[in-house]
Amino acid sequence: MISAFKSFADRLLGRGDATITVPSFDGALKPNQILEKAETIGQFEAPEDLATDGKALLIANGMTILRLDGTATTEVRRFDRIITALCCLPDGGIAVALDGREVQIFATPSASSAAATYSDPSMNAINALSPGSQGTLIATDGSTARPYRQWVHDLMERNHTGRVLVLDIASSRVRTIASGLSYAFGVCAAGDDFFVSESWRHRVIALNPDGSQRAVLDNLPVYPSRLSPAASGGFWLTAFAARTQLVEFVLRENAYRRRMMAEIEPEYWIAPKLKSGQSFLEPMQGAHIKTMGVVKPWAPPRSYGLVIRLNTSGVPLYALHSRVDGVNHGVVAAIEVDGSLFAIAKGPGRLLRMPLAMIEQELRA
Amino acid sequence: MSDTILALRKATKLYAGVPAIENVDFELRRGEIHALVGENGAGKSTLTKVMAGVVTLTSGTMEVDGVEAVPRTPLEARHLGIAMVFQENSLVPTMTVAQNLFLGQERFYNRLRGIYIAAQQFLQSLNFDVTPTATVGLLGAAKKQMVEIARAVLHEAKVIIFDEPTATLTPEEKRYFFDLVRDLKRRGVSIVFISHALEEALILADRITILRDGKHVVTDEAANFDRARIVQAMVGRDLSNTLYGSRKTSVRPAGARVLTVQNLKMAPMVKNNSLSVFAGQITGVFGLVGAGRTETFKVVAGVLKRDFFHGGEVILRGKPVRYRVPAPAVRAGIAYVTEDRKVEGFFETMSVARNIYLGLLAKLPGGRFFLSQREADKVGRIWVEKLKVRATGNDMKVVELSGGNQQKVVIGKSLVQDPDLIIFDEPTRGVDVGAIVEIHELIQRLADEGKAVVVISSYLPEVMALADRILVSRQGKVVEEFSALEATEEKIMYAAVH
Numbered sequence: 002m003i004s005a006f007k008s009f010a011d012r013l014l015g016r017g018d019a020t021i022t023v024p025s026f027d028g029a030l031k032p033n034q035i036l037e038k039a040e041t042i043g044q045f046e047a048p049e050d051l052a053t054d055g056k057a058l059l060i061a062n063g064m065t066i067l068r069l070d071g072t073a074t075t076e077v078r079r080f081d082r083i084i085t086a087l088c089c090l091p092d093g094g095i096a097v098a099l100d101g102r103e104v105q106i107f108a109t110p111s112a113s114s115a116a117a118t119y120s121d122p123s124m125n126a127i128n129a130l131s132p133g134s135q136g137t138l139i140a141t142d143g144s145t146a147r148p149y150r151q152w153v154h155d156l157m158e159r160n161h162t163g164r165v166l167v168l169d170i171a172s173s174r175v176r177t178i179a180s181g182l183s184y185a186f187g188v189c190a191a192g193d194d195f196f197v198s199e200s201w202r203h204r205v206i207a208l209n210p211d212g213s214q215r216a217v218l219d220n221l222p223v224y225p226s227r228l229s230p231a232a233s234g235g236f237w238l239t240a241f242a243a244r245t246q247l248v249e250f251v252l253r254e255n256a257y258r259r260r261m262m263a264e265i266e267p268e269y270w271i272a273p274k275l276k277s278g279q280s281f282l283e284p285m286q287g288a289h290i291k292t293m294g295v296v297k298p299w300a301p302p303r304s305y306g307l308v309i310r311l312n313t314s315g316v317p318l319y320a321l322h323s324r325v326d327g328v329n330h331g332v333v334a335a336i337e338v339d340g341s342l343f344a345i346a347k348g349p350g351r352l353l354r355m356p357l358a359m360i361e362q363e364l365r366a
Numbered sequence: 114m115s116d117t118i119l120a121l122r123k124a125t126k127l128y129a130g131v132p133a134i135e136n137v138d139f140e141l142r143r144g145e146i147h148a149l150v151g152e153n154g155a156g157k158s159t160l161t162k163v164m165a166g167v168v169t170l171t172s173g174t175m176e177v178d179g180v181e182a183v184p185r186t187p188l189e190a191r192h193l194g195i196a197m198v199f200q201e202n203s204l205v206p207t208m209t210v211a212q213n214l215f216l217g218q219e220r221f222y223n224r225l226r227g228i229y230i231a232a233q234q235f236l237q238s239l240n241f242d243v244t245p246t247a248t249v250g251l252l253g254a255a256k257k258q259m260v261e262i263a264r265a266v267l268h269e270a271k272v273i274i275f276d277e278p279t280a281t282l283t284p285e286e287k288r289y290f291f292d293l294v295r296d297l298k299r300r301g302v303s304i305v306f307i308s309h310a311l312e313e314a315l316i317l318a319d320r321i322t323i324l325r326d327g328k329h330v331v332t333d334e335a336a337n338f339d340r341a342r343i344v345q346a347m348v349g350r351d352l353s354n355t356l357y358g359s360r361k362t363s364v365r366p367a368g369a370r371v372l373t374v375q376n377l378k379m380a381p382m383v384k385n386n387s388l389s390v391f392a393g394q395i396t397g398v399f400g401l402v403g404a405g406r407t408e409t410f411k412v413v414a415g416v417l418k419r420d421f422f423h424g425g426e427v428i429l430r431g432k433p434v435r436y437r438v439p440a441p442a443v444r445a446g447i448a449y450v451t452e453d454r455k456v457e458g459f460f461e462t463m464s465v466a467r468n469i470y471l472g473l474l475a476k477l478p479g480g481r482f483f484l485s486q487r488e489a490d491k492v493g494r495i496w497v498e499k500l501k502v503r504a505t506g507n508d509m510k511v512v513e514l515s516g517g518n519q520q521k522v523v524i525g526k527s528l529v530q531d532p533d534l535i536i537f538d539e540p541t542r543g544v545d546v547g548a549i550v551e552i553h554e555l556i557q558r559l560a561d562e563g564k565a566v567v568v569i570s571s572y573l574p575e576v577m578a579l580a581d582r583i584l585v586s587r588q589g590k591v592v593e594e595f596s597a598l599e600a601t602e603e604k605i606m607y608a609a610v611h
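If you read the sequences in order, they're chains A and B. FYI, the numbering for the first sequence is 2 to 366, going by this note's numbering. FYI, the numbering for the second sequence is 114 to 611, going by this note's numbering.
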C-alpha cells in the first residue's frame with residue numbers, strides 16, 4: 002500500500018523511479034566530430050561485428066565473414082544464418098555466433114568445418130564473444146525473451162533477461178555466470194574480471210568468474226554495446242544510440258508503450274534507432290531537431306554514433322562522436338588494428354577507419 | 114577657477130589610535146577619472162569615506178573648489194557636490210527603485226505616479242534596464258548596483274566616488290558602466306573610482322593613485338602604468354607571474370565522477386540544466402549574471418530547492434540526492450563557499466575561531482550538546498595558520514578583518530568539514546591581489562589532493578587561470594564546455610552571450 006502510494010507520488014512529482022532525466026555528454030564524453038569525419042573504408046549490407054588476430058581485420062557482414070586487405074575485402078567463409086558475434090581466439094581460431102542461438106569454433110578462419118559447436122537451447126541472442134582464461138570463451142546473451150534482431154522490442158518490454166555465459170572449449174560445457182542483466186551486449190577480459198556492457202541500464206559492470214559484480218561505469222548518456230581491448234591498455238566501448246528524455250518517458254508509460262507496440266510499425270516507434278531521418282513518419286521532427294531546415298547537432302538524438310576510450314579501470318578518457326546531424330550512427334563494434342581504430346556504423350552500414358594519431362591530433366586541437 | 118576640484122592635504126584618520134590613512138595627499142582634477150588602487154586595508158575606502166562625509170579626518174585638511182570643507186555627513190557632502198556609490202549596498206530593500214532614487218528628496222506631498230514616470234525617463238536616459246516599480250530587495254546584485262549609480266548621477270554631483278562599482282557587474286554591464294562614466298566625464302563630472310580589477314583602472318582612468326598600508330605610494334598618469342608596476346606598488350613585491358599567470362599548458366585528468374546534475378529545474382533561473390563534476394579537477398563555471406550558475410549549485414548544496422514537480426536529479430557519487438537544507442549536504446561532503454560572504458558567509462560579530470568552529474559543528478550529525486571553547490580555539494588556530502589569515506588573534510571579530518581575510522575565514526569554515534566537493538562561488542570578489550594569489554593557490558592545492566572543485570566566476574581571467582575544464586552557462590543551463598587548453602576569452606564570451 003505504501004509502495005503503491007509512493008509510486009503514485011513519484012509519478013505525479015517526477016521523482017524517484019519516475020524521474021525522467023538523462024546525463025549530459027560532458028567531461029570525457031564532450032562531443033566532437035571525429036567519428037563523423039572518419040574515413041569510410043567500405044559500405045556493407047549488414048555489418049555486425051569486427052575481430053582481429055593482431056594482423057588482419059575480419060568483418061562479420063550478414064551471413065559472411067570478410068577479410069579486409071587494404072581497402073578491398075575478400076570473403077573468408079559463408080554461413081546459412083546471420084552472424085551476430087565474431088571473435089578471434091589466441092590460438093589462431095575464430096568463434097562465431099549464428100543467429101544468436103549457436104556458437105561455432107573454427108581452428109582457422111578458413112577451416113573447412115567447425116572444431117566445436119555450442120547450441121545450448123537456452124541461447125537466444127548471443128551478441129558478443131571474447132576469449133576468456135584457461136581455454137574458455139565468454140559470451141553475452143542479450144535476452145532470453147527476444148531474438149537478437151528484436152533488441153528494440155526487448156527494450157520496450159523492459160526485459161532484464163540478459164546473461165553472461167562461459168563456454169568451456171575443452172569440455173563443451175556452457176555455464177551461466179550472470180543472469181537477470183538488462184541486455185548484456187559486449188564483453189572483454191579485464192584482469193581477473195570481465196567488463197560487460199548492460200545496455201538498458203546504461204552501464205558497464207566488472208564481472209568476476211565467481212559471479213560477483215560491481216559497476217565500473219554507470220549512468221551513461223548512451224546505450225553501451227561491444228567492448229574491445231586497446232593496444233596501449235584500456236578498452237574501446239561502443240554505443241549504438243543515445244538516451245533521450247522522450248524515450249525515457251515512453252519507457253515509464255506502460256499503457257502508451259503497449260499500445261504503440263501493438264499499433265505502430267517498429268520503424269516508427271519512439272525508441273532508439275540505428276539510423277534516422279529516413280521517413281517523415283518518424284517521430285521527433287520539425288523544430289525538435291531542425292532550425293531553418295538544417296538538423297541541429299545539439300538536438301535530442303534519435304540516432305547517434307559514439308565510441309568511448311576507457312582506461313584500464315574503466316574511466317572514460319575521451320570519446321569519438323557522430324552527432325545528430327551526422328550519419329555514422331549506430332556504432333556496434335570498434336577494434337584497434339595496426340595503429341588505427343576500425344568501427345562499424347551499423348546505421349549506414351559503413352566500416353570506418355580512424356588512425357590513432359589523427360584522433361590524438363583532433364583531440365588536441 | 115582652479116583645475117583641482119577636490120584636494121586632501123596630510124589627511125590622517127585614526128581608528129582607536131590605529132591609522133587607517135596617514136599623511137595622504139590627494140588631488141582630483143576637474144573632469145578627470147581618477148582610479149584609487151590598493152590592497153584591502155590600504156585605506157582606499159577610508160579616504161573616499163572622508164570625501165563623502167561618512168567619517169571626518171583626525172588631522173589634515175580637505176578642500177572643495179579651493180575652499181576648505183569639513184563634511185560631517187553624507188548629506189553635507191552632497192550639498193558640496195560630492196556623492197558616493199558604496200561598495201556595500203546602501204539602498205532600502207523594501208522600497209521600489211524609484212523611491213530609492215528619490216530618497217531624501219521627498220516633498221510634503223509625493224505623487225508616486227510622478228516619481229515612477231520621472232524615474233523611468235531618467236533610467237532610460239542612462240540606458241539602464243531597471244524597472245522603477247520593482248522592489249529593490251528582489252533585484253539582483255547587478256541591478257542594485259545600477260540603481261546606486263543612477264542615484265548618484267541623479268543628484269547632479271560634481272564629484273562621484275565609486276567604491277568597487279564593477280565587482281557585481283557582468284562584462285556586458287561593465288561596458289555599459291564604462292560608457293556611463295565616460296559620459297559623466299564629458300559632462301565635467303570628476304570621478305574617483307576604486308577597483309581591484311587593475312585592467313579596469315588602466316582602461317578607464319586618466320590618473321591612478323596607489324595606496325599601501327594607509328600611505329600614499331604614487332600618483333601618475335594611467336598611460337605611465339602597466340599591470341606589473343601597479344601590482345608592485347600595491348603589494349611592494351612582484352606578483353605579475355602568479356596572478357592570472359601564463360596560459361595553461363596542461364590540465365589535470367578527470368577522476369571519478371563525483372556529481373551529476375541531470376535536467377535540473379528551478380524556475381525561473383535554472384532551466385533543464387545538466388553537468389558533471391569530476392574528482393581531482395577544477396571545473397570552472399562561467400556565465401553572465403542571471404545564467405543560473407549560482408542557483409544550480411545552491412540546489413546541489415541544499416541552499417535552494419529545485420522545482421517541486423519534475424525538478425530533475427542531482428546524483429552524488431552515483432546516488433540520487435535531494436537536500437532541502439544545507440546540513441545533510443555538508444554531511445555528505447559538499448561545501449558551498451558563498452559569493453555573498455557578508456550575508457551568508459559568516460557571523461560578523463563572532464570571532465574568527467568560533468566562525469570556523471561553526472563549520473565543524475555543521476558537519477557533525479545533531480551538532481554537539483556541549484561546546485568546547487578550547488576545541489574552538491584549537492580549530493581556529495589551525496585554520497588561521499593554514500590559510501594565513503591576517504588577524505591579531507583568534508578572538509578577533511570577523512567584521513574587523515579585511516575582505517580577503519574574511520574570505521579566508523569563509524573558506525576555512527567550509528574546509529574544516531573536509532569536503533569531497535567544494536563549490537567556490539566568486540571566490541575572489543572584493544579581495545585584494547595578495548589574497549587572490551593565496552586563494553588561487555589553495556584552490557589548486559585542493560584539486561591536486563583529489564578533491565572535486567567547482568569555481569563559479571564572472572571574471573574570465575580567473576576562470577581561465579584556475580579551471581581544467583570550463584563550463585559556460587547561459588539562460589539557466591550549461592551550453593558549452595571547453596578544455597582549459599582550447600579555451601580563449603573570445604570563445605567563452607561568444608558561448609556565454611549567443
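Hint data in this document are derived by calculation from the structure and do not stem from the laboratory. Please note that a few of the clues may not be correct.
With a straight-line Cα cutoff of 27 angstroms, these simulated DSSO-like cross-link-like pairs (lysine-lysine) come out [unchecked claim]:
(1) 38(A) / 271(B)
(2) 384(B) / 297(A)
(3) 328(B) / 361(B)
(4) 31(A) / 361(B)
(5) 291(A) / 491(B)
(6) 432(B) / 7(A)
(7) 432(B) / 31(A)
(8) 432(B) / 291(A)
(9) 604(B) / 297(A)
Violations among the numbered hints: 1, 3, 5 and 8
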